[in-house]
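Listed here are the chains, written in short residue letters.
There are 2 protein chains.
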Amino acid sequence: MSELKGACVIGQSGGPTSVINSSVLGALETALDNPSITRVFGMAHGIKGLLNDELYDIDKEDREELALLRYTPSSALGSCRYKLADPDVDDTDYKRILEIFKKYDIRYFFYNGGNDSMDTCNKVSKYMMKSGYECRVMGIPKTIDNDLFGTDHCPGFASAAKYIATSCMEIYQDARVYDTGMVCIVEIMGRHAGWLAGAAGLATAMGAGPDLVYLPETDFDMKKFLADVKRIYEEKGNCLVAVSEGIHYADGSFVSEAKTSATDGFGHAQLGGLASMLADTVKNELGCKVRGIELSLLQRCAAHCASKTDVDESYMAGKAAVENAVAGKTDYMPGFQCTRDENGYKCEIELLPLSQVANTEKKVPRDWINEEGNGVNEKFIEYAMPLINGENVGPKVNGLPRFANLKKIKAEA
Amino acid sequence: MSELKGACVIGQSGGPTSVINSSVLGALETALDNPSITRVFGMAHGIKGLLNDELYDIDKEDREELALLRYTPSSALGSCRYKLADPDVDDTDYKRILEIFKKYDIRYFFYNGGNDSMDTCNKVSKYMMKSGYECRVMGIPKTIDNDLFGTDHCPGFASAAKYIATSCMEIYQDARVYDTGMVCIVEIMGRHAGWLAGAAGLATAMGAGPDLVYLPETDFDMKKFLADVKRIYEEKGNCLVAVSEGIHYADGSFVSEAKTSATDGFGHAQLGGLASMLADTVKNELGCKVRGIELSLLQRCAAHCASKTDVDESYMAGKAAVENAVAGKTDYMPGFQCTRDENGYKCEIELLPLSQVANTEKKVPRDWINEEGNGVNEKFIEYAMPLINGENVGPKVNGLPRFANLKKIKAEA
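Going line by line, the protein sequences match chains W and Y. Residue 6 is where the first sequence starts when you use the numbering used here, and the numbers rise one by one after that. Residue 6 is where the second sequence starts when you use the numbering used here, and the numbers rise one by one after that.
Please note that the accuracy of each hint is not assured.
The list cannot tell twin chains apart, which means a pair is met if one copy fits it or any two copies do.
Restricting the straight-line Cα-Cα distance to at most 30 Å, the calculated cross-link-like pairs of lysine-lysine (BS3-like) are [what the hints assert, rightly or not]:
hint, residue 1, residue 2
1, 228, 313
2, 108, 65
3, 368, 313
4, 228, 384
5, 401, 313
6, 412, 235
Please keep in mind that the hints were generated in silico from the structure rather than gathered at the bench.
Let's have the full structure, built from the sequences with the hints guiding it.
Structure (structure tokens):
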């Protein structure tokens, strides 16, 4: 493969995570140090920044400040939810992207996101190939939902999982402090896949977690749920429950329909308010003290509780994307191939074709969930536990985190 | 003062905190090592355990396991919300307490809690004195609400403050990631005092916190609130708001009346649901994307984000209670006297008479809040910032916290 010299651009898309900036850091540092890459640009708010010719000149950033991205949650370059049209129907955006590519001599396109972002990568790459514009495209995985196909797991999942498990362990201590009993219901993110809700089971595996965990991989039955809670509450005097926001009845309708009218840019229903709804239902049925807790945004941005394993792997994914692109690869996403055996846990990069990854959702296998559908079993625990290992301790000022403060200087051609 | 030999009993009461177990550890370790104290008991669920003759034999606990209380949130001995009657009206409970004291030769009574617990201490002490039973009584302060009178601050406040400020900094990063704008409203605990809501201002002081902070020390005006949010949203495209659960209108009624029907054991209204209510109101008024986040129980149990300063001081308070009681003091609570000057921050124990502390609430001074009543000023920041310093890093197993697992062996006389 011949050397391709030119600029690179990197963008972030979709919901942020605690470690998406680690992937970007891995890509940026590798690109800045690579002689084939002439300039390094960041997209302001993902593909929208590219379309609007709003690029940041990363070469002008201070390297020490940039390194703080390792400890900075959320998408430092800004994010967007923007779905590119089918180029056969409307190629306006693609023409514009090509124009910007030519303007800055961009030959490397890196896009850091979930399912929809891999779809964006795939479409951009196909269009460039058709246009005869030489360009290498790599997706960099990111999603707390952990639902990307082909990779053992996704950067961002483990830190959310660690926060969820840690918080559940702490809530477990708190919610049983009185002798008067209480039911506590914790609502966890995850539209269609229960990876995050399942992570609450890690707390249970440590002896201080939810008694019941409900994932969207099985149909939810309100009667059975109430019977489960009643049984445990009568037995123990307390009951801690974790539910995925995406739990649904057998007919497919979400248990919390309250807010399904609002949708995000991709037409996904926006869920929420489930914990309070279930808490009210339990309270009416059992008459006991009930508290609903929604972990909300914190589960995806609590960088202070990030998994070092996750941070290191996220960096590795960003680095691998750049290294492989420079080495001639295109249309891939660096995924993880992992082994868990008597020698411990090992994670290696495996390049996955974008076309295989885009738009497919990976769910928790049914046989990782217990028969009754109210908890995860040892298969889930063995899978997830090694991922949350290690603390990512960043610098503090006055006892509070010191986040990266980028200059974000607008690039000129 | 003559030596008083006998057993000691310690209990925990009221809402738990991340560091209340540090105070208990300070008291227990000091008591276990003191020759005047013959046996060490823990009350199962506070004063209720004493009344029910349910005491734990702390001498039978493993000292290394006990030491893990430093990292274990919530009240390890169990808590209760139980208000002793006025002894002149009904002395049933007091007679029972005296009976239990005699049964176990208890000569030292330590009670770890907030306002109501100091009231309990005061009443028990007065009754014992009247009965001619020699006994020394010490309160050990605890409350995330920080509203105890006479002490610079209360054990538990700083760790909650650190969690709130850290979380607000992380939410700040997350909530401005899209170019489409969002208003985010974070609901923080604090019935009548705004110390915790004010702590969100620490994030602002670090350049990544709420634009607006509302405390219960000033009257809330919905019109002004909406105008404040609108102004900032139009200016910045984003707005992050922190509100105390206890904000109220000029007539004293809580802004969120939804759940005020339920009350805790002391007749305090149980608040909640304010964030969603305000989020709906802002959404209707401004038509923008709004998210309400309730920090809920996590702000009082997130030991993984505890302040080392707080943990150390909490331990010191427990230790001081025992040492001073053995030295002959009774009817005191060890409070903190602090200096903040060019030499830094210094905190020393000062004994406060229980009668002065009980049932008085300390609020945030009006001149620590800005004129408009929508933020804290530098006086608040200078007060609170030194308290949240340092990380309390405990042992981990599989990347998750290792909490104390006490044997809790029932004591026999």
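What are the numbers of the hints that this structure violates, sorted from low to high?
1
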